[in-house]
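Engineer: Taken in order, these protein sequences are the chains called X and S. The first sequence runs 1 to 306 under my numbering. The second sequence runs 1001 to 1299 under my numbering.
Watch out, some of these pointers could steer you wrong.
[Unchecked claim] What follows is a set of in silico ranges between Cβ atoms, one per label pair, in the way DEER data are often shown:
no.: 1; chain 1: X; residue 1: Lys15; chain 2: S; residue 2: Ile1288; range: 28 to 34 Å
no.: 2; chain 1: X; residue 1: Leu220; chain 2: S; residue 2: Ser1178; range: 40 to 46 Å
no.: 3; chain 1: X; residue 1: Asp16; chain 2: S; residue 2: Lys1213; range: 55 to 61 Å
no.: 4; chain 1: X; residue 1: Asn67; chain 2: S; residue 2: Ala1101; range: 55 to 61 Å
no.: 5; chain 1: S; residue 1: Val1286; chain 2: X; residue 2: Gly58; range: 51 to 57 Å
no.: 6; chain 1: S; residue 1: Phe1273; chain 2: X; residue 2: His71; range: 44 to 50 Å
no.: 7; chain 1: S; residue 1: Ser1178; chain 2: X; residue 2: Asp16; range: 20 to 26 Å
These aren't lab readings, by the way, just hints derived from the structure by calculation. In this text, a Cβ means the ideal position worked out from N, Cα and C, and glycines have one as well.
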Amino acid sequence: MENIIEISHLSKSFKDVKAVQDLSFRVKKGELFAFLGVNGAGKSTTISIMCGQLTKDGGTVKINGVNQDEHADTTKRDLGVVFQNSVLDKALTVRDNLESRAALYGIFGEAFEKRLAQLCVLLDLSDLLNRTVGKLSGGQRRRVDIARALLHEPKILVLDEPTTGLDPQTRKLLWGVVSDLRKQENMTVFLTTHYMEEAAEADYVVVIDAGKIAAEGTPLDLKNEYTADFITLYGVDEEQVKSLGKPYEKVTDGYRISVTNTAEATSLIQKYPQLFVDYEIVKGKMDDVFLAVTGKKINGNGGEEA
Amino acid sequence: MKILASLVKRNTKLFFKDKGMFFTSLITPAILLVLYATFLGNVYRDSFMMGMPEGVTIPEKLLDGFVGGQLFSSLLAVSCITVAFCSNFLMVQDKVTGARADLTMSPVKSSTLALGYYISSTIATLIVCFAATLVCFVYLAIVGWYLSVLDVALIIVDILLVVTFGTALSSIVNMFLSSQGQISAVGSIVSAGYGFICGAYMPISQFGNTLQKVLSFSPGTYATSLIRNHSLRGAFAEMEAIGLPTEAIDGVKMAIDCNVQFFGHDVSLWAMFAVLFISVAVLLAVYILLNVYRNKKKK
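Isolated chain X, as found in the complex (with noise of 0.2 Å):
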């Protein structure tokens, strides 16, 4: 698969603070690709510069094989930004939003009506074409966000932290539409999050640490690299799970296991068939892999925990 985006050696200091130190990363063309940090990481920083919002020190940003120092203007042209929170403007309705919006890339008349006719059926935006986006719902307003970032039909679709401070049944929403769009249109997704679920669902995740890249590797990769396994063991009692001679947890009707890998647990139920008869096996979560990575655990707001 060829890259989409290559960054190499990318740096940004704003006075003494160092926000993103020579770092260099490549995303393929049609993955989901996680970038994951706590606030103040480096994650904005590089979007911002990839986005032509800020300018780098040093390195390059290369978008579909475009430098976007020699071209920036066609690299705009392929980047699609849903922004953390909605820019759109709230006294404007969502018509007057999308057309706004749509003339900057140069979409006119019928060929504005054409792709917002196919953006209402994407995201159902239908009946809320004539409402103002300052009285729509969070999740409808995360529904014209994306349509305002694919009106211009760009390659790659840019999610800054899309689902914070989303009910649950929006993000579920959220997600469901980039599936299909990725289905439907091939589409590189980039997203930043600090929700470790979304990050596990990922092709490839890039782990960013005080600006450099503190690990990478598609999630397996991750899991098996910087956590353990675990096995929970059901119907058995404390002391036949302290002679299996393994570090372990109680847990509701159970006992959790740490192994060191998938292998390790293989041979510990074959060894001991008559322990292992109401159990289930999983892999460390994102979570465990952040902590290991950076030594930092991340809290809701993507802040660093206590």
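Put chain S on the given structure of chain X with help from the hints.
Structural biologist: Only chain S this time, still in chain X's reference frame:
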């Protein structure tokens, strides 16, 4: 061009639909109207009568037309500037709300964005000021109409010029603002202060000598004087026609800033036009250069 037109449409719509921004822009004219209704009207009337020789009788209609013209000119002199500032605050609001980031995320040129703000602010200010002018014309028609067609045409030219000046000035000032607090601070200073320094609330001739000299460097002084001259020309002509002494009329003209001096020299109406034209040209050049400089710095 179509992109620019679309931006202008968006900005203008936003100004009129954003009730906060729209009504804030009307605060200064509203203050002036309240002041006029409570005491300013009588102050204008009394100061006019004080300038007349004893025993002279002025027809009530002429007096009302004169005082109304003074109010009209003051109202427009401040509105053209304060409304321009408020409508142009959109460029700051866009930074605060994040809309600016959304706009610059697109391949639109920053010069197009800057021009879009300037043109839309000019259009919005002109709409508000011409609406106010219409209301004032109706008021003058009721209390005492002394304007010729040429006066009306010149008043329209004055408004166009002063609005262009106000928008250019506000474009430069607002470029440096980036928060809601700064908008409030600048909005309050302009709303409260401009009426005084342009001679709308109180004629500059009544200020101290030093302040008068300082204010003679302000284009706002000549903007107010231009509108005042054109809105009162008919009333002064009528005064001459009914036989009021020319010295007394000249005294009134001086007292209410129709005759403005620059270090002891009378400033003609053409010179006032020239001052405003040059000011607009200089301010626009500064605005363009600032935008160019910022773009270069960004690159």
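Engineer: If a hint holds in the structure, say so; if it does not, say that too.
Structural biologist: Status of each hint after checking the structure:
1. X:Lys15 / S:Ile1288: 28 to 34 Å: Holds, since Lys15 of chain X and Ile1288 of chain S (Cβ atoms, about 30 Å apart) stay within the stated range.
2. X:Leu220 / S:Ser1178: 40 to 46 Å: This hint holds: roughly 45 Å between Cβ atoms.
3. X:Asp16 / S:Lys1213: 55 to 61 Å: violated, 48 Å
4. X:Asn67 / S:Ala1101: 55 to 61 Å: With Cβ atoms ~22 Å apart, the hint is violated.
5. S:Val1286 / X:Gly58: 51 to 57 Å: About 33 Å separates the Cβ atoms of Val1286 of chain S and Gly58 of chain X, which means 51 to 57 Å is violated.
6. S:Phe1273 / X:His71: 44 to 50 Å: Holds - the Cβ-Cβ distance for Phe1273 of chain S and His71 of chain X, about 47 Å, lies within 44 to 50 Å.
7. S:Ser1178 / X:Asp16: 20 to 26 Å: holds, 22 Å
Violation of the numbered hints given earlier is confined to hints 3, 4 and 5; the remaining hints are satisfied by the structure.
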